[in-house]
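Enquirer: Chain residues, written in single-letter form:
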Amino acid sequence: MPTNPGRAAHPLDMFALFRRWPASTRRNLVYTALWSSLIGMTLTALFFAMNPRGVSPRLPGLLGLTLLTSNTIGFLIHGALAGLRWAFPAASARRTWAMRTCQVLLIEASAVIGFTVPDALLRGANPFSALLIDGALAPILPMGLMVTALTMAILATNERRMKRENAAALQQQQIAEAGQLLAEARLRTLQAQIEPHFLYNTLSNVVSLIGSEPERAKHMLERLIDFLRASLSASRAEQATLGAELDLAGAYLDLLAVRMGARLRWRIEASDSCRELKIAPMLIQPLVENAVMHGVEPKMEGGEIVVRTSCADGLLRIEVSDDGMGLGNAPPRPGGGVGLSNLRERLRSLHGSKAQLQLLENQPAGVTSRLLLPLSPTLDPA
Amino acid sequence: MTTALLADDEPHLLAYLEEQLATAWPELKIVGRAPNGIEALRLIDELAPDVVFLDIQMPGLNGLQLASRLSSGGSAPQVVFTTAHEQYALQAFDSEAFDYLLKPIRLERLQRTVARLKETLVAPAASAPTPSADTAAQLAAMLRQLGVPVPNAPAAPAAAPLQWIRAAQGQETRLIAVDEVIYFQSNDKYTSVFTPDAEHLIRTPLRQLREQLDEQKFWQIHRGVIVAAHHVAGTRTDFRGRLLVRLKGRPEELVVSRNFADLFRQM
Chain A
-1 MPTNPGRAAH PLDMFALFRR WPASTRRNLV YTALWSSLIG MTLTALFFAM NPRGVSPRLP
59 GLLGLTLLTS NTIGFLIHGA LAGLRWAFPA ASARRTWAMR TCQVLLIEAS AVIGFTVPDA
119 LLRGANPFSA LLIDGALAPI LPMGLMVTAL TMAILATNER RMKRENAAAL QQQQIAEAGQ
179 LLAEARLRTL QAQIEPHFLY NTLSNVVSLI GSEPERAKHM LERLIDFLRA SLSASRAEQA
239 TLGAELDLAG AYLDLLAVRM GARLRWRIEA SDSCRELKIA PMLIQPLVEN AVMHGVEPKM
299 EGGEIVVRTS CADGLLRIEV SDDGMGLGNA PPRPGGGVGL SNLRERLRSL HGSKAQLQLL
359 ENQPAGVTSR LLLPLSPTLD PA
Chain B
2 MTTALLADDE PHLLAYLEEQ LATAWPELKI VGRAPNGIEA LRLIDELAPD VVFLDIQMPG
62 LNGLQLASRL SSGGSAPQVV FTTAHEQYAL QAFDSEAFDY LLKPIRLERL QRTVARLKET
122 LVAPAASAPT PSADTAAQLA AMLRQLGVPV PNAPAAPAAA PLQWIRAAQG QETRLIAVDE
182 VIYFQSNDKY TSVFTPDAEH LIRTPLRQLR EQLDEQKFWQ IHRGVIVAAH HVAGTRTDFR
242 GRLLVRLKGR PEELVVSRNF ADLFRQM
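Protein sequences, first through last, are from chains A and B.
Following the numbering used here, the numbering of the first sequence begins with -1 at its first residue and continues without gaps.
Following the numbering used here, the numbering of the second sequence begins with 2 at its first residue and continues without gaps.
What the hints contain is simulated information worked out from the structure, not anything from laboratory work.
Fair warning: there could be bad hints in the mix.
Listed next, with one range per pair, are the computed distances between beta-carbon atoms [what the hints assert, rightly or not]:
{"hint": "1", "chain 1": "B", "residue 1": "Q213", "chain 2": "A", "residue 2": "K216", "range": "48 to 54 angstroms"}
{"hint": "2", "chain 1": "B", "residue 1": "A169", "chain 2": "A", "residue 2": "F13", "range": "18 to 24 angstroms"}
{"hint": "3", "chain 1": "B", "residue 1": "R208", "chain 2": "A", "residue 2": "G241", "range": "49 to 55 angstroms"}
{"hint": "4", "chain 1": "A", "residue 1": "W84", "chain 2": "B", "residue 2": "S258", "range": "29 to 35 angstroms"}
Far from chain B, by Cβ distances over 12 angstroms, these chain A residues were calculated [stated by the list, open to error]:
{"hint": "5", "residue": "A7"}
{"hint": "6", "residue": "L79"}
{"hint": "7", "residue": "E299"}
Which stretches of chain B does chain A cover? Using the computed rule of at least three CB atoms under 8 angstroms from a CB of chain A, they are [claimed, not checked]:
{"hint": "8", "region": "53 to 61"}
{"hint": "9", "region": "201 to 209"}
{"hint": "10", "region": "221 to 233"}
{"hint": "11", "region": "251 to 257"}
These figures come from a predicted structure and were not determined experimentally.
We put the beta carbon where it would ideally sit given N, CA and C, even for glycine.
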């Protein structure tokens, strides 16, 4: 109710039909009126059924009194329990024995007041004296006890049901989270896979350079080791820094620039403030590989690849641009087509709809891949 | 004297091959070096070398495409492929070319190739496979099997299905992969392209798009709507008896007009 409107149960929640209306203060008030009136009408019907020929009070009068009594009791219990929850939110969540005792006393008191006060008011008597006159309470107390027992039983049933539902929901959520983590890890591993062609061609270049240009061969081997180390750790780690990811892209581009000679030019433009940002690994590398494989490599005169990053307004923006063949003209390559759909799937499981991958056509030629990632608190500068 | 042409887009590998050939075959005269397939084709036409060493992954024309053009000509050179490709590719064209060499090339392996080449060139009528029209057809078949587009294939399909859609967005031109599209909807003058997280407007009319799209993957369900089959989650009938399509990745439901309802009869 006031403290926890979303999860506050009502006796009517026992029935699945009434659970369709999501819990709220307004709903619970309506339900209390409904529930109390139902009990009042049932009791009137029972009274007539058990006492057909005895003293027969007139039906409207009896029904009116019962409804008034049951609603008074209902709303008093409603208010008392809500007040208790509002005053001691922590204790009511833990359901201690002290809390149970308070609930029993409050319900009993509500029942006693509900049975005596409306009746006394209708008769024109002073309600306080009706409560306090010796002997008047005696028949009321057992009736109050019945109301208390019924209400407490319903409360306990509802609490057990909610506990079960919470546990089931929690388990569902854990299963979904585990599945998502697994899918993310699988896709990340896929993207960290090193293409055999790349490895063989790079090693062939190293071999070809060892005799004639040993310094350059050494440089290539060192860069290859950087690249392999970063790729391998990326397939295991869940987080990397933007700087480390850009270094990986740099190692890759450097290797290709040696291999392709003058046909490939590249540069990375990133401000130092962005480099410390944490991002998921292997988000940039597929874009760089695409720029090489679909952009510059198939173009006879080669081209330039530029990686730009900026971070502002809660967004990390990474752009990989080339002036190569363009995606429309690039001949299909084995294994080249799945990169982007994998990347999109990963972005969805990592950031939902807050991350975007856009592809733009450059003038006069080539493609820009733009990655927009949210800068959430967990991604703040370390 | 035997002449040779070398083609590779990676300059160090080209230089290294030349170096190794100088050791393995000192009398071989290297008449040309090409950094791409087009240049190689031009030089082969011009210089008519006896042997060509072709890399497979090259811009312009790749090695396989280049070889298929050579074999359809008259006095074709012997083709030796140099490649880092996997085994399946090697097996496929093993019988078509004179030889293939795996990179990095080992000198002993190159020496064996050279010895065989020398024999073949001295006695061309020997058993070595000389490219002919027949082997060209075989090679073309292999190429298609490998997924390499064959330039002069006689029964090429009219046009490949659309792969990328260009949509103007402010100053930029967005590229949308056709696989990402959930559905197309025609507006007054434009066509809306819906992807999981955006809507783009393009000028191409829906009717024209339909002709460019793969019929198996994109279904027209209404005069103004084409939906991607793999994004269809299911159908339901509403209280008015209309058939609606539910989508994966978008909340809205699309109406199927009566003329197209047959598409879903078996679903």
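Enquirer: To test your reading of the hints: which numbers does this structure violate?
Expert: 2, 4, 7, 9, 10, 11
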